[in-house]
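Enquirer: Here are the chains, one letter per residue:
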Amino acid sequence: DAGITQSPRYKITETGRQVTLMCHQTWSHSYMFWYRQDLGHGLRLIYYSAAADITDKGEVPDGYVVSRSKTENFPLTLESATRSQTSVYFCASRTGGYTEAFFGQGTRLTVV
Amino acid sequence: AQKVTQAQTEISVVEKEDVTLDCVYETRDTTYYLFWYKQPPSGELVFLIRRNSFDEQNEISGRYSWNFQKSTSSFNFTITASQVVDSAVYFCALSEAVSNFGNEKLTFGTGTRLTIIP
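Top line first, the protein sequences correspond to chains E and B.
Read in my numbering, the first sequence has 35 at position 35, and its numbers run on one by one without any break.
Converting from the second sequence to my numbering requires adding 1000 to each position, the first position being numbered 1.
One chain only, chain E, in its complex shape (with noise of 0.2 Å):
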């Protein structure tokens, strides 16, 4: 299907384990995006990538890592997660700085 897509929808982990969250387009859309949504906080960036292979900090990186070998996948990892990192993860996808983003369903994720 075309779009974004992002996967888990819902995951419930462990303080202190490793997990990725998958984020997939199929429009070969330049920049991608990730943000944390959290009450009160809006939506804010975690990372984002311009192109595969080249990717930046956002306002929110810390206990973060991400990667972009392809175009169409952005996967965002939490080294070691912590109760803090309890939130709605968005990945998001646009042509360029002149238009809207795209963004996925959402996964929500518990840290227990």
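Hints are computed from structural coordinates only; laboratory data are not their basis.
Among the hints, erroneous ones may be present.
[Stated by the list, open to error] Under 7 Å between C-beta atoms, here's a sample of chain B residues computed to sit facing chain E:
hint, residue
1, Tyr1033
2, Pro1040
3, Arg1050
4, Ser1095
5, Glu1104
6, Phe1108
If you're wondering where the values come from, they're calculated on a predicted model, not measured in any experiment.
Backbone N, C-alpha and C define an ideal beta-carbon position, used for all residues, glycine too.
Take the given structure of chain E and dock chain B to it, following the hints.
Expert: For chain B alone, coordinates are given in the frame of chain E:
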């Protein structure tokens, strides 16, 4: 650094009333884009409008209208004759450095939760 401020955390209005959601931005760029997104209770993020920094014309789309004023760095969103289906969280966003490939971040405000009371 770019910044977007949505000072209204929550707004409640009675159905059929008009409501304006405020958005104030900060940027050092002369070329930038502003966006509004809607997040209904189902959780997805829906794109509403895009406006570039060189176009200050107001835009109207049905019951929705947007007022962009560079002099006050504001990009406000008005819903006329509100309906229950308008209940959602609304986000304003800013994209700058559009001519500097690799730095085109998309920064969101904290959102305004709008509740339309039937």
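Enquirer: If a hint holds in the structure, say so; if it doesn't, say that too.
Expert: Evaluated hints:
With 7 Å as the threshold, the beta carbon of B/Tyr1033 comes within range of chain E, its nearest partner Cβ sitting at about 6 Å, so the hint holds. With 7 Å as the threshold, the beta carbon of B/Pro1040 stays out of range of chain E, its nearest partner Cβ sitting at about 13 Å, so the hint is violated. Interface restraint check: B/Arg1050 against chain E, minimum CB-CB distance 5 Å, threshold 7 Å, status holds. The restraint placing B/Ser1095 at the interface with chain E holds, with a minimum CB-CB distance near 5 Å, inside the 7 Å limit.
Because the smallest distance between the Cβ of B/Glu1104 and any Cβ of chain E comes to about 3 Å, under 7 Å, the interface hint for this residue holds. This hint holds: B/Phe1108 has a C-beta 4 Å from the nearest C-beta of chain E, less than the 7 Å allowed.
Hint compliance for this structure: hint 2 alone is broken.
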